[in-house]
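Residue numbers (the working numbering), protein chains in the order written: chain A, 25 to 387; chain B, 55 to 471.
Don't read these hints as lab results, they were simulated from the structure.
Take the hints with a grain of salt, since some may be wrong.
[As the list claims (entries may be wrong)] Computed list of lysine-lysine pairs in DSS-like fashion (alpha-carbon distance at most 25 Å, straight line):
id : chain 1 : residue 1 : chain 2 : residue 2
1  : B       : LYS276    : B       : LYS410
2  : B       : LYS410    : A       : LYS297
3  : B       : LYS203    : B       : LYS288
4  : B       : LYS276    : B       : LYS288
5  : B       : LYS203    : A       : LYS297
6  : B       : LYS276    : B       : LYS414
[Unchecked claim] Coverage of chain B stretches by chain A, computed from C-beta distances (three or more under 8 Å per stretch; other residues unrestricted):
id : stretch
7  : 277-289
8  : 359-365
9  : 380-387
10 : 450-458
Cβ atoms here follow ideal geometry from the backbone N, Cα and C, with glycine treated the same way.
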Amino acid sequence: MVSFTPTEEQQMLIETIHRYAEAEVRPIAHEADETGEIPAGVLRAGWEIGLIPAALPEAYGGLGEHEALTGVLAAEELAWGDLAVALKVLAPALLAYPVLIAGTEAQQAELLPLFAGDYVPMTAALAEPGLFFDPRALATTATAQDGGYVLNGVKSNVPLAAEAHKLLIYAREDSGAVGAYIVDAGADGLTIGEREKLMGIRGLPTYPVTLSGVRVDAVRRLGGEAPLPYEAILNRQRVALAALAVGVARAAFEYARDYAKGRVQFGVPIATKQAIAFMLAEMAIEVDAARLMTWEAAWKLDQGQDATREAYLASRYAADTVVFVADSAVQTLGGYGFIREYPVERWLRDGRGFAMFCGLATV
Amino acid sequence: MAISFAMPERVERERMMAQALAEGIMRPVSRQLDENEHERPVDFIKLIWPVMRDQQARALDRLKAPPDQEKEKKPRSPYLAMMVQIEALSWGDAGQYLCIPSPLLAGAAIEAVGTPEQKERFLRRFAEGDAPRWGAMAMTEPNAGSDTKAIETTAVLDPETHEWILNGEKIFITSGGLALRESDGIVVVWATIDRSAGRAGMRPFVVEAGTPGVTVSKPEIKHGIRASDTVSIKFENCRIPYDNLLGDPEVRREGSREGFRGAMATFDASRPLVAASALGVGRAALEFVKETLHQHGIDIPYDQPYHKLSAIQRDVLEMEAQLKAAYLLTLRATAMLDEGLRNSLEASMAKAKAGKAVTKVTQKAVELLGMMGYSREWLVEKWMRDARINDIYEGTGQINLLIVARRILGYSSSELS
Ligand SMILES: Cc1cc2nc3c(=O)[nH]c(=O)nc-3n(C[C@H](O)[C@H](O)[C@H](O)COP(=O)(O)OP(=O)(O)OC[C@H]3O[C@@H](n4cnc5c(N)ncnc54)[C@H](O)[C@@H]3O)c2cc1C
């Protein structure tokens with residue numbers, strides 16, 4: 025059966041997140057962007073909705089609910105509130121999901137319970153500095169040595185690196201394949217650089233990370249000896265990113281729509297002019313199209329089918345859509361669109377980032 | 055309910071059958087029919103008629119079945135099945151597809167506002183017999199295109215004979231000649247019973263082939279979909295029975311849009327299906343481009359960083375993403391029809407997106423293939439011409455954007471025109 029209606033549980037989850045996003049996230053989003061800080065209380069409240077804990081297997085205090093579809097519904101709603109907050113709330117998933125998908129039993133037993141309680145900052149390091157990043161050709165290396173591994177290289181755009189208790193480091197192995205390694209904060213040879221200065225998502229701290237001869241035990245390689253299901257992990261990330269982009273785009277569309285109905289020029293609301301109304305109509309169409317592509321990719325993942333094509337197209341389409349929609353929103357507001365007091369310019373700055381975030385997940 | 059993209063097996067089977075027909079029967083004569091406008095796709099018509107006829111018979115039988123049985127026999131997804139069939143047939147040839155012997159848009163109007171008796175009386179002919187029959191819908195007039203409420207064709211009731219008398223001229227009517235001249239078909243004609251009432255005075259009437267006072271003329275010579283029959287129909291004191299009026303004869307003035315609502319309900323059903331036809335043409339072009347590039351050693355990867363892609367690969371990925379976006383919007387609007395949900399917004403979204411997407415995709419296809427794209431030895435240039443109509447009929451792109459805009463803004467047609 026083809027259907028576009030979420031389940032009742034999903035609907036309830038969407039409503040819960042929406043209430044949180046509206047009541048707690050929206051009011052602090054501007055301030056967080058200006059100061060670079062997200063209030064701890066907002067973060068805690070976001071974590072308490074339980075998105076990541078619910079995904080854990082029951083044995084580790086979760087509900088075993090980790091359908092990609094539920095994930096994208098939640099991600100859109102969170103990002104509708106604010107992208108930086110959404111990314112910060114979800115950052116621990118950068119470690120939790122790979123462990124869930126690919127960790128050995130011992131790794132799961134050790135790590136998954138960490139996500140069952142209060143918010144604990146965790147992260148992963150994939151991107152590397154410089155032009156033309158290609159996740160298939162990582163410069164960071166993991167060399168087998170003395171029954172363990174030694175990591176060397178430089179990572180960039182690592183969220184929460186300075187506060188994260190653990191980092192999942194992706195590196196090229198001797199075989200040429202990519203592996204992922206669990207590294208504790210404060211490990212010898214691990215240096216966290218200065219907080220990066222970005223155009224958008226300014227509430228989310230990101231850092232360069234240098235690895236010089238960081239030693240990891242064999243048991244800290246994700247999945248033990250097994251090859252890393254890199255593609256599966258990245259497909260999942262692409263779909264989540266696409267959903268986040270849809271959330272930002274929808275925020276911008278709704279704001280512009282409401283603004284255009286209220287703003288009077290030439291004696292009538294500007295929304296009664298076709299030049300504005302058609303722009304809004306196209307924004308609405310593109311938001312829906314991007315969302316449907318994201319849903320389809322997530323649904324395919326949940327069916328256990330190869331969703332590489334769908335995830336790729338969805339993440340690219342959503343990344344284009346968010347810029348188109350946020351840009352149209354800026355235009356709808358005219359001069360006000362350019363003023364930081366109004367959120368649309370922030371959504372344009374945040375939205376432009378997806379070209380990079382999705383690029384990271386493009387294996 | 056849960057979000058799902060799983061096509062019912064029955065629908066998938068219908069799609070495969072339509073695709074086989076498209077490949078085996080339509081494609082081989084596609085070029086010939088394009089070069090010889092007004093020639094009919096006889097093989098396609100002959101083969102598809104029994105299929106359409108039996109489908110129509112089942113649909114009518116369901117109407118007659120008692121309510122409890124009706125539920126049981128009802129195919130779960132009739133519109134979805136239509137969507138995938140139309141997409142596949144249009145992949146074969148959109149012009150030929152439009153010659154499909156069926157009530158088509160006339161059927162959509164009758165389904166939307168007709169009584170059960172009218173459905174039986176007007177649609178039964180599409181459910182029996184060896185000779186194919188066609189239906190058409192006539193709204194457009196020389197002075198009334200996008201502005202449908204401006205129609206000037208009148209229907210006046212003769213109090214003595216209790217007949218409606220139609221006068222006026224309709225233009226650009228798809229399958230009008232097939233319906234009225236070449237078969238025992240019907241045309242649903244929109245006319246006004248009270249011009250001063252504007253939209254509230256508009257009503258659909260069924261005119262049967264052979265009715266005196268009807269002249270079919272001017273088969274148009276077109277940019278694309280050249281196998282499709284597009285004609286003008288003139289009504290001069292054309293008398294039809296009282297019961298050929300679809301819907302309510304009373305004109306309620308106070309803000310009523312009674313008649314117009316019938317037209318809109320028709321469009322809610324027809325727009326996703328027009329979008330489906332557009333998608334078929336788009337897919338034809340995209341597949342051909344990918345196949346041709348493959349033969350030249352260029353494949354389209356879905357796992358490469360953007361900066362590693364060539365300009366051609368980027369173009370093709372963009373075409374593919376655009377088509378997928380349009381496809382999913384169409385799928386949603388169609389699935390809503392099957393669920394009995396109001397879909398005006400979604401139908402216009404799908405139609406606006408699909409019309410524009412396939413126009414761009416097919417134009418890009420011609421560009422990418424260079425001489426091969428431009429040459430009439432291949433079908434790509436034809437698909438570009440065929441695709442173009444989809445952003446024009448059943449509401450132009452602008453008109454569908456207008457509908458979307460009104461819905462998202464909560465504006466009436468007088469607030470946003
Ligand atoms: C091949 C073919 C088959 C057809 N089949 C049928 C059929 O079976 N039955 C039938 O009834 N009709 C049919 N039509 C007619 C078709 O639906 C109309 O051509 C279409 O609705 C546009 O009307 P128009 O051509 O008068 O253009 P116009 O309405 O004059 O439009 C011209 C331009 O102005 C724009 N425009 C108009 N109004 C507005 C507005 N308010 N805001 C912004 N822009 C606006 C339009 O978008 C368009 O770009 C067919 C047409 C063709 C070409």
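Comparing the hints with the structure gives:
With a C-alpha separation of about 19 Å, the suggested pairing of LYS276 of chain B with LYS410 of chain B holds against the 25 Å cut-off. For a cut-off of 25 Å, the pair hint linking LYS410 of chain B to LYS297 of chain A stands: about 21 Å separates their Cα positions. The suggested pairing of LYS203 of chain B with LYS288 of chain B holds, with an alpha-carbon distance near 19 Å, which does not exceed 25 Å. Distance hint between LYS276 of chain B and LYS288 of chain B is fulfilled; the C-alpha atoms sit about 20 Å from each other, no more than 25 Å.
Taken as a hint, the LYS203 of chain B and LYS297 of chain A pair is honoured in the structure, with Cα atoms around 21 Å apart against an allowance of 25 Å. For the hint pairing LYS276 of chain B with LYS414 of chain B, the CA-to-CA distance comes to about 19 Å; that is within 25 Å, so the pair holds. Requiring three or more residues with a Cβ within less than 8 Å of a Cβ of chain A, the coverage given for the stretch 277-289 of chain B is violated, as only 0 such residues are present. Only when three residues or more bring their CB closer than 8 Å to a CB of chain A does the claim for the stretch 359-365 of chain B stand; here the count is 4, and the claim holds.
Interface restraint, the stretch 380-387 of chain B with chain A: holds (5 residues with C-beta to C-beta distance below 8 Å; minimum three). Only residues whose beta carbon comes within less than 8 Å of a beta carbon in chain A count, and the stretch 450-458 of chain B has 4; three or more means the coverage holds.
Of the numbered hints listed earlier, the single one contradicted by the structure is hint 7.
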